[in-house]
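The chain contents come next:
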Amino acid sequence: MTLLSIEDLRVDLHAGGERRPVVDGLSLQLDAGDTVGLVGESGSGKSVTALSLLRLLPQPALNIGGGRIRFDGRDVLAMNSRELQQLRGNEIGMIFQDPMTALNPVQPIGRQIEEVMELHRPQWTARQRRQRTIELLGRIGMPSPAERLNAYPHQFSGGMRQRVMIAMALACEPKLLIADEPTTALDVTVQSQVLNLIRELQQQSGMAVLFITHDLGVVAQICRRVAVMYAGRVVEEATTAALLTRPSHPYSRGLLASLPALNPSPQTPLPAIAGQSIAAGQAGPGCRFAPRCAWRITQCEAEPDLLTVSAEHRAACWRWELFHE
Amino acid sequence: MSDRTEPLLQVRKLRKYFVQRSGVFRQHKRYVHAVDDVSFDIPRGETLGLVGESGCGKSTLGRTLLRLYQPDAGSIHFQGQELTALSGGEMRRMRRHLQMVFQDPYDSLNPRHSVGNIIEEPLLVHGMGDRRERQARVRALIDQVGLPADSVDRYPHEFSGGQRQRIGIARAIACNPAFIVCDEAVSALDVSIQAQIVNLLLDLRQSMELTLLFISHDLSVVRHLSDRVAVMYLGQIVEIAPAATIYENARHPYTRYLIAAIPQPRVDSTPPPAVGGDIPSPLAPPSGCRFHTRCPMATERCAHEAPLLELITTDGGEHRAACHYWRETPGRLP
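Here the protein sequences line up with chains A and B, keeping their order. Position 107 of the first sequence, counted from 1, bears residue number 107 in the working numbering, the numbering being contiguous throughout. So the mapping is simple: the working numbering equals the position in the second sequence, first residue as 1, plus 325.
Note that these hints are calculated values from the structure, not bench results. Please read all numbers here as calculations on a predicted model, not as lab measurements. Beta carbons: idealized from backbone N, C-alpha and C, even for Gly.
Some chain B residues near chain A, calculated using beta-carbon distances under 10 Å:
(1) Gly486
(2) Gln488
(3) Gln521
(4) Ile522
Bound-form chain A, shown alone:
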């Protein structure tokens, strides 16, 4: 069952009297209970997409310029502020890269988690909320949670703060968790602890996860499906296994090939993608990857839609068949 569907989303950046798209014609579907990775480099529009889903774009700089977003059968773009409040933190939880800026530094963490429930579960007593908070902190692996309720965010390490954020996001058992680079600022050993935790919690609760990252290694560990973004658009979507074994867009292929982790011979040049990444607003007509693409032909002057490669696998490239010979 489709939980979230984004169709032809466009987000514009208004700056200096100009209007430039940063997300341009993005479509993506997410089923209930599924785990989907949204992968792209800086400026590709992946975080802006996440903020659009919750209508949290910083206005008036960024505005939704068109498209449809449906969550659980309802039109998110038509919601009023009360309906949106019902959505945020209740039906959709979100965690960010930097928990220090997302947590209130002058409020104890227990209080911050309870506040989410006060808003969305007013029928619960204070005692029930406290009970639930202790249970949540236990589930995210905080030692002696009942004693840490009155601790402040700065008293925790980066990894533990991210866990507190996760506890807060899960307080009301959301149907969807949006995770925007939640482990990027963490050390690799702490990252693996947090990834393990997100996997476990996802499997226990059956919530859907939209995991935004630039790291294909993280996607491989967390996501069943993945969408690759380039310059404001999804250029390939597939199951993670299919993307890793049969990448069908030249950009996805280039990204995978340039990873040192997948390169068998150290000290040899990596097959890098030539040129620089562009933002959606800088894209000319035609395929936006064409200027960096080694397989470019005249047909690429027309922008391809996502073409079907196989069931659950689509790529926005006229020549995808070339890669499967």
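Starting from the known structure of chain A, arrange chain B on it as the hints suggest.
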């Protein structure tokens, strides 16, 4: 000068502590053990990778080698000279042979200087060539690092992250240094750009016969670039070996854990079973082996007795690890 067989850089028992003061009259002093009795060699032409998590002291070590921080104890022997014995002026002159590339190309370039001026500056400081020669050298450097020829008169903000890192590299190699410390030089870059800069470093290392200390938290990049790798934990080197040995036959539990934790972009990749806990504070490192608080193999002995960086083998390159139980590690840890 030194002969070819002597290492370019010999570091012995290097120590750098930072003082942290607290109290109303700042009377309480505590010491951050950032670099604590570190010894290693880098032979000429070698790339030594230095890995570890945040706060382990890897950046401090890199900066102390160039005396950007003053070492508290120990010696740094470079091309037959003792760097710790040099005066400020002598050290400044010495720096044309020892350079650094920083992580953040946004912060390490002066936004008010043109790219030409930025690259020319080290040549001016070290009094190399006349105006015409310097300008020719700047043009050659811009070409060598793969920047467009018209970059000379442009400013850093006009360039993308990858290109700014190229500017930083051009500045570092301007005086033909023998040794460069790369401190997280590719960490802030996007994947596709990172590969371009890695390739540039590989290319320069060969063409200029550079010796590199490549500091990074990204173990995949380090493996790709390094001949040998040193692993740091809380201010100390816990293992040092040829790159392939570190990744395939590490003997220190921390090294094995660090390598298992890299998310691999492969089908059915799963996060490894987590070794619990966070990195202890370098203000009060644990007694004995500093890793014992998180180590699944730790015994009573590890809490009391600090292990030495023991020689394991010289077969295929020297391999050392600081663990009492290195003989048992492969059977007991994944």
